[in-house]
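*Asks:* Sequence order for the protein chains is A and B.
The opening residue of the first sequence carries number 1 in the numbering used here; numbering runs sequentially from there.
The opening residue of the second sequence carries number 115 in the numbering used here; numbering runs sequentially from there.
It is worth saying that the hints were derived from the structure and are not from the lab.
Don't be surprised by glycine CBs; every beta carbon is placed ideally from N, CA and C.
What you were told as hints is all true, and nothing was included just to trick you.
Think about it this way: if two alpha-carbon atoms lie no more than 30 Å apart in a straight line, the pair counts; the simulated DSS-like pairs of lysine-lysine are: (1) A:K42 to B:K117; (2) B:K222 to B:K183; (3) A:K42 to B:K222; (4) A:K57 to A:K78; (5) A:K57 to A:K42; (6) A:K57 to B:K117; (7) A:K42 to B:K183; (8) B:K117 to B:K222; (9) A:K78 to B:K222; (10) A:K83 to A:K57; (11) A:K57 to B:K222; (12) B:K222 to A:K83; (13) A:K42 to A:K78.
Computed Cβ-Cβ distance ranges for the label pairs, DEER-style: (14) B:E130 to A:I54: 43 to 49 Å; (15) A:E96 to B:R191: 25 to 31 Å; (16) B:E129 to A:D71: 44 to 50 Å; (17) B:H133 to A:Q14: 47 to 53 Å; (18) B:G143 to A:S66: 35 to 41 Å.
Heads up, incomplete: computed chain A residues facing chain B, CB under 7 Å, no partners named: (19) K42; (20) V43; (21) F45; (22) S48; (23) F91; (24) G98; (25) P102; (26) F105; (27) G106; (28) D107; (29) G108.
The residues making up each chain are set out below.
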Amino acid sequence: EPEVTQTPSHQVTQMGQEVILRCVPISNHLYFYWYRQILGQKVEFLVSFYNNEISEKSEIFDDQFSVERPDGSNFTLKIRSTKLEDSAMYFCASSEGGWDQPQHFGDGTRLSIL
Amino acid sequence: DAKTTQPNSMESNEEEPVHLPCNHSTISGTDYIHWYRQLPSQGPEYVIHGLTSNVNNRMASLAIAEDRKSSTLILHRATLRDAAVYYCILRDVESNSGGSNYKLTFGKGTLLTVNP
Chain A
1 EPEVTQTPSH QVTQMGQEVI LRCVPISNHL YFYWYRQILG QKVEFLVSFY
51 NNEISEKSEI FDDQFSVERP DGSNFTLKIR STKLEDSAMY FCASSEGGWD
101 QPQHFGDGTR LSIL
Chain B
115 DAKTTQPNSM ESNEEEPVHL PCNHSTISGT DYIHWYRQLP SQGPEYVIHG
165 LTSNVNNRMA SLAIAEDRKS STLILHRATL RDAAVYYCIL RDVESNSGGS
215 NYKLTFGKGT LLTVNP
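Using the sequences and the hints given, assemble the complete structure.
*Replies:* Laid out in C-alpha cells, this is it:
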C-alpha cells in the first residue's frame, strides 16, 4: 500500500538555525498538509497546500515557516530560525481530494531544538 | 467545526469487541463524522467516516445515532495492535471550498488499552 514517507526521522538543531523537513506524499494525491504534535499534547494543524499554493494556515504558521513543493514528488516544511518551542513531532499528510477524502499521514520527524 | 466529547481512556481485552463512544450534541446537518487513530510513535491513521447511516470497512464499524448527536466506533475483535489514541472529528462539508478548511482538528481522543 502506498504511504507517505518523511525524512529525517529525527532532527537535532541548534536554536536559531534553519531546518528543512522533507516529505514524499502519495503520488496521485493533490492536497498536502503539515501538522505538529508537541510532546503530550494534541496534534495541531499547521498548513494545507493545493495547486502549488497555501490554501489555509493556522496561527502557528507564522513568517518563520514556509512550505514548498520543489518538484513533482517532495513537499517540504522550512523553519527559518528555530526556537526552543518548535521542538515537536512534525507530521506530513496527503489526500486525493478535499474534505471527504481520508488524509494519509507519515510517521513524522521528531525535531529537537537545543 | 462542532465540538466532540470522548472519554479520556478505555480498556478492553484482546479478541473482545470494543465500543468507543463520541458525543457531538451540536453537530450540524452537514457535518461528517470521521475517526482517526494514532498508534504509539506513529502518525494518525484514518479509520472510518460517515454521515447518517452506519458504515463498515475492514478496520471497524461506525454506528451513528438516529439524531446524530452521538456515534460509536466499533472494533469487532480487539488486538494488541489496536492499542492507540482514537479521535472522533467532525468535518463540515459546507465550510469546505476551494481547498480551504480541509484541515483536521484533533482533540485529546480516547486512549484505548488492550489487555492480552
